[in-house]
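This is what each chain is made of:
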Amino acid sequence: MTDARAFEAFLLEYQDMVYATALRLLGNAMEAEDVAQTVFMKAFEQFDQIGTSPSAPGWLKTVTTNTCLNHLSRYRNRWRFFSELSGAEAKAIDSRTGKWGTGETQGPLDPTPPGPRDPDTALDAALRRLPAHQRVPIVLFHFDDLTYQQIAERLNISVGKVKTDIHRGREALRAALASAHEAGALR
Amino acid sequence: MTPRGVNFDPHDPLTRALRALPEPRAPRTLAPRVMAAVHARLARPAPRTWFDWPLGWRVSSAVGAVTVMVAVTLVWPMALAWLQPAADAMSARVGVVWLKVDVTLRVAAVFFRAVWYPLVLPFLAIVTVMTIACATVGAMLGRVALGGASR
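Residue numbers (my numbering), protein chains in the order written: chain A, 2 to 188; chain B, 5 to 155.
So that you can see chain A by itself, here it is in the shape it has in the complex (with noise of 0.2 angstroms):
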C-alpha cells in the first residue's frame, strides 16, 4: 500500500511544473488543475515505481504533455468535423472557451488586449489567449525545446503547419508585447 504521506511530500514537491506544464498548454486554469489531478493520481497508481526514481519530474512532464494533447485532440476531432461539414478550412477552437473562431482570416489575438499593462503578465494572458493550434507548437517549442519536426510529430501535422502556427502565434505575441510597452510608457 502506497505511503499516502510520501506521495503527499511528492505531489508538494512536483505540482507547480505538473501544473506549469498543463496550464502553458491549455491555457485555462480549470482544465490545467483537472488536467494536474489525472496526472497525479496516474502517478499515485504507480508510485512504487516512480516515487523514487531520479525519473520522476521527466515521467511526469510527458505524462503531462500527453494528457494535455489528448484532452485539446477531443476539440481538434470536433473542428475537423465540423469543418468538413461547412467547408470552412480555417477555423480554430479556442480550447479555452470553447467557441468557435476563424484562426486564418481573424486575428487570434487582439493587438491592444484589455488588461495588464505589466509586461510579462500581458504576454502570459496573451499566450493563453492564442488558439490551440498556434499556442501549443510555440509552448513545445519554446518551453520543451522540442524542433519543428518533433512538434509536428507529437501533433500530427506537417512541419510546414507547425512553421506558420508558430510563426503567427509568435507574431500575435510581439504585438502583445510592443503593445504593452508601449501603455507602460504611456503611464
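Because the hints were derived from the structure by calculation, they are not lab data.
Keep in mind that a hint or two might mislead.
[As the list claims (entries may be wrong)] Here are the in silico distance ranges between beta carbons for each label pair: (1) A:160 to B:147: 22 to 32 angstroms; (2) B:15 to A:162: 24 to 34 angstroms; (3) A:53 to B:52: 23 to 33 angstroms; (4) A:47 to B:126: 55 to 65 angstroms; (5) A:160 to B:130: 40 to 50 angstroms.
[Claimed, not checked] Derived list of chain B stretches under chain A, where covered just means 3 residues or more per stretch with a C-beta under 8 angstroms from a C-beta of chain A: (6) 18-30; (7) 39-45.
Even for Gly, the Cβ is constructed at its ideal location relative to N, Cα and C.
Starting from the structure of chain A, add chain B where the hints point.
Okay, now just chain B, sitting in the frame of chain A:
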C-alpha cells in the same frame, strides 16, 4: 536554449521575454483536491486475487476443486451405463420423428428454391446497405458527441 536546427535569435525581445516568463504556481486547491482523491482511492478495497487469499482458504479451495474433478471422472462412466437403455429407447423414437422432419425439410427446400430464393439476394443487399449507412452515421455522431478515440 534554442531547439536543435532552429534559428531564433536568442536576443530577440520576444524570445527573451518568453524564456523569462515566471513559472505559474499551482493553486492552493490542487494538493487538497488530489489528496482527497487519493484517500478515496485508498478507502476502496483493492480487488483480491486467489493468491491474496489466506492460506487456509487457498488449500480448501484447491482440495474442493480436485474433489469435484475426481468425482466427475468416477461418476461419469456409471452415469453413462445408467443412461444407455433410456438413450436407446429415445433414439428409436427419434428415428421415426427424424424421418418426418427429413421429409418436411426437403419440401421446405424445394419451396425455398422456387419461391424465396429470388427474393433473398435483393433483401440481403438492402440489409447490407442499411447496416453500412447506420454504422457511418453512428461513427460520425460518436466522433462529434464523444470527441473520437483518444490517443
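Verification of the hints:
1. For the pair residue 160 (chain A) and residue 147 (chain B), the beta carbons lie near 26 angstroms from each other, so the given range of 22 to 32 angstroms is met.
2. As the Cβ distance of residue 15 (chain B) to residue 162 (chain A) is approximately 27 angstroms, the hint placing it in 24 to 34 angstroms holds.
3. Checked against the hint of 23 to 33 angstroms, the C-beta distance between residue 53 (chain A) and residue 52 (chain B) comes to roughly 27 angstroms, which is consistent with it.
4. Between residue 47 (chain A) and residue 126 (chain B) the Cβ separation comes to about 57 angstroms, which falls inside the hinted range of 55 to 65 angstroms.
5. Take residue 160 (chain A) and residue 130 (chain B): their Cβ atoms lie about 47 angstroms apart, and the range 40 to 50 angstroms holds.
6. Counting residues of the stretch 18-30 of chain B whose C-beta sits closer than 8 angstroms to any C-beta of chain A gives 12, which meets the bar of three, so the coverage hint holds.
7. Judged by the Cβ-Cβ criterion of 8 angstroms, the stretch 39-45 of chain B is covered by chain A as claimed, because 5 of its residues qualify and three suffice.
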